[in-house]
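Q: As you go down the protein sequences, you meet chains A and B in turn. Counted the way our numbering counts, the first sequence spans residues 1 to 253. Counted the way our numbering counts, the second sequence spans residues 1 to 252.
In case anyone wonders, no lab produced these hints; they're calculated from the structure. Take every hint as true, because none was put in to throw you off.
According to the in silico footprint, chain A covers these stretches of chain B (three or more CB under 8 Å from chain A):
id : segment
1  : 149 to 157
2  : 161 to 171
3  : 239 to 251
Positions of the beta carbon are idealized from the N, C-alpha and C atoms, including for glycine.
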Amino acid sequence: MRGEAVGITGRILVRDIKKGFAKDGGRLDVVGGISFAVDDGEIVGIVGPSGCGKSTLIRIIAGFDRPDEGQVLVDDLVQKGPSAKGIVISQQGSVFPWLTVRQNLMFGLNQGSEREKAELADHYTALVGLKGFEKSYPHELSGGMLKRVEIARALVVKPEILYMDEPFSALDALMNLRLRIELLRILEKERHTVVLITHDVEEALHLSDRILVLSPRPTRIQATFEVPFPHPRKLTSPEIQTLKSSILSELGI
Amino acid sequence: MHRVRKILSPVALISVLLAAWWIVVARGDGAIFPTPWQVVQGTRELIADGTLVGHISASLMRVGAGFLLATLLAVPLGLWMGRVDAVYDTLNPIFQILRPISPIAWIPIAILWLGVGNAAPIFLIFIAAIFPMIVQTAAGVHTIEQRYLQAAENFGVSRAKLFRQVVFPAVLPQIIVGMRISLGVGWLVVVAAEMIALRSGLGYLIIDSRNAGNRYDLVVSGMVIIGLIGLLLDGLMRLLEGLKSVRWRYAR
Ligand SMILES: Nc1ncnc2c1ncn2[C@@H]1O[C@H](COP(=O)(O)OP(=O)(O)OP(=O)(O)O)[C@@H](O)[C@H]1O
Ligand SMILES: [Mg+2]
Numbered sequence: 001m002r003g004e005a006v007g008i009t010g011r012i013l014v015r016d017i018k019k020g021f022a023k024d025g026g027r028l029d030v031v032g033g034i035s036f037a038v039d040d041g042e043i044v045g046i047v048g049p050s051g052c053g054k055s056t057l058i059r060i061i062a063g064f065d066r067p068d069e070g071q072v073l074v075d076d077l078v079q080k081g082p083s084a085k086g087i088v089i090s091q092q093g094s095v096f097p098w099l100t101v102r103q104n105l106m107f108g109l110n111q112g113s114e115r116e117k118a119e120l121a122d123h124y125t126a127l128v129g130l131k132g133f134e135k136s137y138p139h140e141l142s143g144g145m146l147k148r149v150e151i152a153r154a155l156v157v158k159p160e161i162l163y164m165d166e167p168f169s170a171l172d173a174l175m176n177l178r179l180r181i182e183l184l185r186i187l188e189k190e191r192h193t194v195v196l197i198t199h200d201v202e203e204a205l206h207l208s209d210r211i212l213v214l215s216p217r218p219t220r221i222q223a224t225f226e227v228p229f230p231h232p233r234k235l236t237s238p239e240i241q242t243l244k245s246s247i248l249s250e251l252g253i
Numbered sequence: 001m002h003r004v005r006k007i008l009s010p011v012a013l014i015s016v017l018l019a020a021w022w023i024v025v026a027r028g029d030g031a032i033f034p035t036p037w038q039v040v041q042g043t044r045e046l047i048a049d050g051t052l053v054g055h056i057s058a059s060l061m062r063v064g065a066g067f068l069l070a071t072l073l074a075v076p077l078g079l080w081m082g083r084v085d086a087v088y089d090t091l092n093p094i095f096q097i098l099r100p101i102s103p104i105a106w107i108p109i110a111i112l113w114l115g116v117g118n119a120a121p122i123f124l125i126f127i128a129a130i131f132p133m134i135v136q137t138a139a140g141v142h143t144i145e146q147r148y149l150q151a152a153e154n155f156g157v158s159r160a161k162l163f164r165q166v167v168f169p170a171v172l173p174q175i176i177v178g179m180r181i182s183l184g185v186g187w188l189v190v191v192a193a194e195m196i197a198l199r200s201g202l203g204y205l206i207i208d209s210r211n212a213g214n215r216y217d218l219v220v221s222g223m224v225i226i227g228l229i230g231l232l233l234d235g236l237m238r239l240l241e242g243l244k245s246v247r248w249r250y251a252r
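Please take these sequences and the hints and turn them into a complete structure.
A: Right, dumping it as structure tokens:
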């Protein structure tokens with residue numbers, strides 16, 4: 001069982017991370033000591049109350065920020081900075097508005113001829129259901145389409161790890177569900193390792209192999225839940241509903 | 001409706017002003033100030049003897065040369081300043097001191113250094129045009145949102161690619177704004193510069209018309225033409241803002 005790996009081995013090892021920020025002359029402790037491991041091909045969901053430090057945590061894991069204490073190991077190497085091995089899908093979105101969909105997808109591709117890159121880009125554009133929009137600019141797309149471009153741009157470089165920070169939170173419920181299903185379909189084929197931040201418990205239950213529940217600031221891991229159900233998951237099934245209430249009660253609801 | 005108003009109301013206002021001008025001049029007894037019709041006649045005279053085209057192209061050539069030189073220097077410099085803080089900290093104070101000095105104030109020095117040929121006005125336009133472009137470009141680099149730079153960093157692309165596909169296109173709208181301001185200032189300055197020296201250009205036309213027999217019809221004609229060409233140049237720069245690769249800036 002994967003849970004046994006916690007703290008021992010894993011593709012990503014998070015070891016006693018602490019992080020604070022200076023605030024009004026004082027100090028704001030945000031991450032208060034977090035350790036966990038993520039296995040190869042595993043999808044770990046992280047839920048927690050708003051403002052508890054989820055984005056701060058994932059930025060540290062992805063290498064964009066340094067922890068004050070502790071360290072992150074990716075494939076046994078200390079995480080020193082971001083690299084194409086792990087692509088972040090950020091909360092605010094970062095599709096380049098001045099490039100077309102195709103150019104955005106081609107951005108991270110460093111090998112092959114222009115034609116090969118374009119073909120690969122178009123393949124992934126189709127994969128996220130945006131065939132026909134290759135030459136569109138981001139401002140010509142809807143919010144949901146933009147998220148798909150962001151996901152496709154990450155997937156096309158075949159990253160070993162995906163760091164997703166509330167990738168679907170800005171979307172309506174229907175689009176959220178649709179993109180989750182698409183993501184699962186793609187992950188089934190490509191087996192990326194995923195760290196998924198969300199505040200939507202149902203989204204976490206839908207996608208994750210394991211869910212970490214974070215406490216309010218300074219955040220720590222308050223509880224861990226295995227989600228041992230095969231895909232496709234039926235979110236209305238009694239087991240998942242029971243798990244959902246346990247997680248929600250951890251969050252104080 | 002909006003389009004109609006946008007064209008109709010300024011046309012109406014201009015007509016009223018023209019009429020007022022005409023009435024005031026016609027009722028007064030000062031013979032020097034021309035009526036609108038005399039200005040039209042004067043303009044036709046200038047067109048007929050071919051001097052107008054000469055003056056216009058002389059002015060445009062000077063603005064074009066000065067503006068081009070300024071662009072070639074300002075854009076790379078602005079990008080460099082925007083990317084490297086040490087460069088910004090070193091150069092910005094100097095530019096902030098030079099910038100408020102009117103290009104007109106440079107005229108004596110320009111003549112001293114470069115004589116009364118084409119070089120002096122081109123230099124003045126260069127001086128006038130370069131600072132707004134540097135400032136806009138550097139500011140543009142500073143306002144690139146962190147999330148885009150971080151996404152670029154995440155994909156681990158080469159510096160050249162980062163520059164070509166992120167920094168430059170992100171700043172391009174600001175560069176175009178800078179170019180638009182610069183071209184406007186450059187046009188303002190060329191006319192002033194031509195009033196001092198030289199024997200061609202719209203500025204020279206105005207001063208010469210006054211000196212050679214108080215031809216105020218030609219003075220006003222020159223002024224109107226300067227205004228119209230300025231409008232045209234601004235319109236051309238506005239076309240750049242419509243380019244597909246910068247339109248994202250103005251959408252939403
Ligand atoms: N660079 C920073 N400087 C100062 N304070 C910061 C910084 N980044 C985050 N914080 C603070 O850390 C706390 C946690 O922020 P963070 O964005 O990690 O929360 P979050 O859990 O992702 O919230 P949300 O659910 O709203 O996305 C907040 O109080 C925020 O003000
Ligand atoms: Mg967040």
